[in-house]
Amino acid sequence: FAFVDSKVLLKEKLPCKTFTLYLHDTLFNVTNAANATSSAVTNATGISNFQFGTLIVFDDPLTLDQHILSSPVARAQGFFFYDMKTRYNAWFAFSIVFNSSEHVGTLNLMGADLMNQKTRDISVVGGTGDFFMTRGIATLRTDAVQGLYFRLKMDIKLYECYY
Amino acid sequence: FAFVDSKVLLKEKLPCKTFTLYLHDTLFNVTNAANATSSAVTNATGISNFQFGTLIVFDDPLTLDQHILSSPVARAQGFFFYDMKTRYNAWFAFSIVFNSSEHVGTLNLMGADLMNQKTRDISVVGGTGDFFMTRGIATLRTDAVQGLYFRLKMDIKLYECYY
Amino acid sequence: FAFVDSKVLLKEKLPCKTFTLYLHDTLFNVTNAANATSSAVTNATGISNFQFGTLIVFDDPLTLDQHILSSPVARAQGFFFYDMKTRYNAWFAFSIVFNSSEHVGTLNLMGADLMNQKTRDISVVGGTGDFFMTRGIATLRTDAVQGLYFRLKMDIKLYECYY
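Protein chains in written order, with full-length UniProt numbering: chain P, 21 to 183; chain Z, 21 to 183; chain B, 21 to 183.
Hint data in this document are derived by calculation from the structure and do not stem from the laboratory.
Even for Gly, the Cβ is constructed at its ideal location relative to N, Cα and C.
Among the clues, some could well be false.
[Said to hold, decoys possible] Derived DEER-like restraints, expressed as beta-carbon distance ranges:
1. B:LYS138 x Z:GLN86: 34 to 44 Å
2. Z:THR159 x P:SER120: 17 to 27 Å
3. Z:MET135 x P:LEU89: 24 to 34 Å
4. P:ARG107 x Z:THR106: 33 to 43 Å
5. B:THR162 x P:ASN69: 29 to 39 Å
6. B:ARG161 x P:ASN52: 40 to 50 Å
The whole structure should be built from the sequences, with the hints applied where relevant.
And the structure:
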């Protein structure tokens, strides 16, 4: 093998792999256990009126288009919580779990979901299986909010790929 | 230094460092504070019967063999939570903390613990001290479950090492 | 592009970017909502007397000097929890969110806050915007503790930078 000085790397314009997934989240409200895919496990604290401190665990289907009933190609498993006093803002950490004829493996993501921005980036910090050791960026967009349901559009761009 | 195009990297067959650790977790049940190493900090929600939403904080000893009374070579400090409606499934984030004559430093890990699979991989997303800036994969295996106790076998394989 | 064998990399002595930030955290105690920047969302469990299991969500200002009233250059958004039975010890995951004329983007960090050590390192596992895909180390120091307030000095050293 070669010793490589990795201190400074070129900021690639083009990712080595890119795809778009839609995340569908339906919050549990006690009566909808059959359809719900997420559940709050802590209560908001009195520090603000914007759910500061509410932590939500989720196992959400991911589809290739906007339709919640489309066949899921993967699942997003993890949690987020609200963390701002003056408006809604969140922080996410989760895995995208693939287990299909096309892909087996996971992507691991974390970062701030700056909900007041039209798009916001979080980090893909690792991967396993078909996504062995990958790194990249996921660009999130709120695509729909309706009562207990929200949909995120996620543009996944991987900039370090191992083959 | 050299500018390096890191877009595509070779998927190494052999890691630069590899070792196996056994994680011993004993859940607190109110009466066993002396022996317990983890504690649930949220309650399961009514969304399912598989502990969905229970979040557990742990500080677990890691040993080189399966025996819980062997001298720990490190500790695993972090949390996991259950996140599936239809069976047990979990998500982990934690640090492996070394502080011995052999190793000082930490490894930071996160990922989905797909409990229905015999082995499952999570990401080593960083390291400090002797494990400066490392990345890799940890392969988890449920090695024992007995009441409040479980043991995980963790095969750690580091694919990016700095010397 | 070039295929690069990244198995073994040189441990750089000098980071490609380095800066120091002070984190100011003021815990919510029901009466101080106006000033508080963090809030406990779970209760300590009976496993120990050192807050084991208390999880705290925060949105803390970051300044260039020690003064809490200095103009924040970024915010730290995330959570930590206490995780040791025999003394205070914590685990952190958070984003540093820049949104100024100087920097736009985020750094994502996680790791063990070994509170009994004068300095301790956690991992910078990714970045976005001006900190696209970066990695590095943050060295934490407890700089002040006063009632509900604590201040951390964070020396951020990035060892992988993309330009």
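| query | Of the numbered hints stated previously, which ones are contradicted by the structure, given in increasing order? | reply | none
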